[in-house]
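Asks: If you're matching them up, the sequences are chains B and P in order.
Using my numbering, read the first sequence as starting at 1 and increasing by one per residue.
Using my numbering, read the second sequence as starting at 1 and increasing by one per residue.
Among the clues, some could well be false.
Distance condition first, Cα-Cα at most 30 Å in a straight line; then the derived DSSO-like pairs of lysine-lysine [said to hold, decoys possible]:
| # | chain 1 | residue 1 | chain 2 | residue 2 |
| --- | --- | --- | --- | --- |
| 1 | P | K754 | B | K175 |
| 2 | B | K175 | P | K611 |
| 3 | P | K370 | B | K121 |
| 4 | B | K20 | P | K370 |
Far from chain P, some chain B residues (derived; all Cβ distances over 10 Å) [to be verified]:
| # | residue |
| --- | --- |
| 5 | G70 |
| 6 | D128 |
| 7 | Q139 |
| 8 | K187 |
Residues of chain B placed beyond 12 Å of chain P at every Cβ, according to the derived structure [claimed, not checked]:
| # | residue |
| --- | --- |
| 9 | D80 |
| 10 | S108 |
| 11 | A234 |
Hints in this document: simulated from the structure, not taken from any laboratory.
Even glycine gets a Cβ: it sits at the ideal position worked out from N, Cα and C.
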Amino acid sequence: MAEEKPAVIIRCEHIHKKFKFKTVLEDISFEVRRGEFLSLLGPSGCGKTTILRMLIGIEKPTSGKIFKDGAEITETAPKDRNIGIVFQNYSLFPNMDVYHNISYALQSRKLSRDEIDRRVKEIVETVDLGEHIFKKPKQLSGGQQQRVAIARTLVLNPDIILFDEPMSALDAEIKVILRQQLKEIQKKLQITMIYVTHDQEEAFAMSDRIMVLNDLQIAQLDTPYNIYHHPADAFVRHFVVDHLNRKVKSIEDSIKEDRG
Amino acid sequence: MNGAMVRTGRLLRHEALRLIAVGCILLFAILPLLTLAFHVTGDDWRYILKDDSFAEAVGNSLIYTTASALITTVLALVSACLLHTANLKRKNLYVILLTLGMLVPTISVGLGLRILFGTNGFLDLLFGAEIEVRGFPGLILGSVMTSFPATFLILYDALHYEDKGPYDAASIMGISRLSTFFRLTIPYLRIALISAFFACFTLVFSDYGMPMEIAGKVKTLPMYLYDQFMSSFQYGRGSIAGFVLLIPSVISFVFDLVFRDQSVSEKQKRLIETERGFSSAAAAALIVLCAALFLPQLAFISLSFTKAFPNDLHFTFDHIVGIFSNTHGVGLTAYIRNSLLLSVLTAACGTAFAYLLGYLSVRKPGRMGKAVDLLALSTIAIPGLVLGIGYIFLFRGTKGAFYGTILILIVVNIFHFLGSPYLLAKNCLNKINSEYEVIGETLGISRGKIIMHVLIPGSVSTLVEMFSYFFLNSMITISAVAFLCTYDNQPLSILITTYEKNSNYEMQSVISLIILFLNVAARVIFTSVMAVLNRKGEKEAEGGIGLSRHEFDFLTYLEKHGKGQYSQRKLADDLTISLSNAARLVHDLADRDYINLLADDGMEISEKGLKALEPYRVRKAIILAAGFGQRLAPVTLDTPKPLVKVNGVRIIDTLLDALYGKGITNITIVRGYKKEQFDQLLEKYPTLHFIDNPEFNLANNISSAVQAIDLIDRCYICEADLYITNPDVINKYEYASNYLGAKVSETDDWCFKKHNGYAAGYQLGGTDCYQAFGISYWNGEDSEKLKSDLRKVYASRGGKENLWEQVPLKIMRKNYKLEIRKCHKSDILEIDNFIELIAADPSYANYPGYEEYSGR
């Protein structure tokens, strides 16, 4: 049960990340709480995707440690971390139908066919894809593809799902629906989600907490309310608060102009 | 810590594979060249620098190669542009014809030219035009013909990636075609043109097959090299010639490396709107070119069937038959077997190896990807001739195990032809999403499995293309293989050179013809495999598996109600689905362009949506109208029941109007009783067909269904005596096979029950059931079942006594999942007896003879 486990699911301590010529992250420490929806928000190139890739295990920190449920996982192979990931373009296996996209990971784990079938069907119900299980990714809409990508990670019962800017390629209108959908799934399953985005609105619309990144470091990690009302520094004020205010103002202005 | 070790181990494994790949290329492609250098002594250099024949050979080669490369490039440029811009049908056919020369060895082209020209050549015999072609004219002509296909393909392909925007802009500004050609096309093609010129130059410069036939007294560099190795046994001098041969290819390779556009852009489709005059002129020019290019082939084909050229020009199969029987000790079949075996094995192993190289260079983490890439590409620069002699030096020591076996032929071919297939594989793998391996890692799926289950299925058509390249080239090559094959494993192409030595034109022709034939056959096979694969892909992209039920309901709803405002609330209510589902459907379908969203909740079905519905369209209707209609006597004594008028309208008209109203005009009526009366329907419904059932009064209605059995396919099967008051009981599209029924608590009529969601059982009278109305729809799959089941039952003992609908509903019920399509009881009026007829149309109350009948 969730109560027995510690409230902190991920803890990162003093993470440095340096690529060949460039430092991306400098001495970053933070905690992720169990069951929360955390957004990593920042301008492009600020290292948010690097954090994601280190959490999943396909990138290693130059120094520093990552813990999950109290145990160190800095060097653990991706498949042993029990963390799922959904990429920007979903990366569904194009030649497999929905059912096999979801069952593929189970098939490599030597489960019985009935067991696989049961688990896939259950997940398919959860993400509401029952009608589409025999379709190929090409035949699905963007929203349906996203649900398949989520289902594909969900089927392994991950503790955390990571999202790498999963909506940046979509129309504004569809984004709103997908946000709702994602929140619903999160509520239903009470699963921890970490979400990378450069879109302020998106982060504010979905998150329990937001980590704003800037210049190799965490500028602020707090609830949307606190970030908006008590920005930690000039960057946060400019990048988040001013941006949102401008947006609201421009909408208000255009409404006013219309009236006039 | 353990994890770290596993990770490091895996990385090491990647690097190990790369090391092996790099080692292979070094050993089989680079090292052979280096060994050449070891055989060159100072004496060789001194000799060759003073050797006039060497200088002459180099000079000759440069002259005819430069001339023909220039001509070929211009010719290829013009034809590629013509084909690309002209508005022609079947462009692929032109491409196939223009590149037909790729399917025969270059020596065969030389042979063809020799048969055409010169004393006693075809032209001499036909027109008395004796043209001496041997020497420079022949070399240039032959080189143009042999190098045209590859050069053309480079340019034609490049044109497909050009941005079309500027052309549209130019045409709007009224700039002439010629001007855009020089101001837009040529600058765009600059790199491709130079690259094509180099490719062409290299091809011609290192080819020795075609010159063998046509050079006459002119000595070329490859021939010099060949002579040094094969007749003078001066390996050092030969090696020096080999290095000179290498120079243009190295230049060409470096140029490509520096300038090749690394980004793989998508092919663009250009909307072509050219004047008809231009297109016809282009077509004519291209056809003339195809014909000209085909002349050498035509020459050797004709010669293969000519009795004794030039003295006896009668048609004969003698040469073909002769060569297959025991000629010169060995039957030709052995050579054909050698060739096919060599080509298939080269193609299979080569494709696998090139694909692996592509994978190692673009899809694996680690440092050596670049090295693999560079080495693999560098093989393009090595002329087969040079590679062949390198192999002699390097592998002579392995005689029996490798040298002198078919194995060395396969290996030399793989590395000789590696470059192009490697590029194909690399481009293909580059285009495939790079995150699959990462996804695999997080899901615990190994890289090997991802390759097998995701990457390879995603590159099947590329693999076929690679296989085809290896195969066709192995069939025609004579360069490297000539030095390495033995008497036992000599392929067909080498056999031509043997006959060249004793000037046996007939034999050379026949062998060329056989190679051409085999390659054309192989090409056809490869092309059809590709076509099948492409079609499959398109079908999937089009939504071959089809719509979900909700999507279908939604689209048919929109199709029926047309463009308009539909709030999500209204949609949810009308389609009886939840509000959130309605919202999702709208977005899913809009996302796939099945519907167009308009302002203010407005929407309409799109062209694509209509296309998606098309598989569900009801194709036709079969109406069973043979029966007598006993219970409606006396009205039916002289009129079949369907033609009885109710309120001034024939009963069957209500059904026909409903069908016509939904666009279903392919209607067949099975008639029997007073069949001639049905002809009157043609006046109003000209598209009706009739089938006569002569057994109508001997058997039950199953006999009518059997009469029309071949027509059953995605169709309605209807009874003819339904008086339809609501035409919507007929639909334009149907999702699944179904039977029309109205829920009733009690009925005396035929009815069925719902069992696991499907119609089941068929009986006269029942409670809490569905009253059956005789309209059913049969989809493609169920139509087939129904046909076979109807035949079976009809042929069985007493089978003719059945109603046809008892077959799917009762007798063979297990075979079907027949949905119940619900209607309201008032949608169709039952007129089963005279009382019901009077209820529907009171004017029948006074019908003469009614009293008498009702009294009985």
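Asks: Regarding the assertion that B/D128 does not contact chain P, is the least Cβ-Cβ distance greater than 10 Å?
Replies: 8 Å, violated
Asks: Against chain P, does B/G70 hold up as non-interface, every C-beta pair farther apart than 10 Å?
Replies: 17 Å, holds
Asks: Far enough from chain P: is every CB of that chain over 12 Å from the CB of B/D80?
Replies: The claim breaks: B/D80 does not keep its Cβ more than 12 Å from every Cβ of chain P (closest is about 7 Å).
Asks: Next pair to validate is B/K175 with P/K611; report whether the Cα-Cα distance is within 30 Å.
Replies: Roughly 27 Å separates the two Cα atoms, so the pair holds.
Asks: With 12 Å as the threshold, tell me whether B/S108 passes as away from chain P on beta-carbon distances.
Replies: 5 Å, violated
Asks: Run the distance test for P/K370 versus B/K121: straight-line Cα separation, threshold 30 Å.
Replies: Violated, because 44 Å separates the two Cα atoms, which is more than 30 Å.
Asks: Say whether it holds or is violated: B/K187 keeps its Cβ farther than 10 Å from all Cβ of chain P.
Replies: 14 Å, holds
Asks: Please verify whether P/K754 and B/K175 have alpha carbons no more than 30 Å apart.
Replies: 42 Å, violated
Asks: Regarding the assertion that B/Q139 does not contact chain P, is the least Cβ-Cβ distance greater than 10 Å?
Replies: 5 Å, violated
Asks: Find the nearest Cβ of chain P to the Cβ of B/A234 and say whether that gap is larger than 12 Å.
Replies: B/A234 clear of chain P: closest Cβ-Cβ about 36 Å, beyond 12 Å.
Asks: Would the pair B/K20 and P/K370 pass a check requiring their Cα atoms to be no farther apart than 30 Å?
Replies: 17 Å, holds
Going through the hint list in order, the structure does not satisfy hints 1, 3, 6, 7, 9 and 10.
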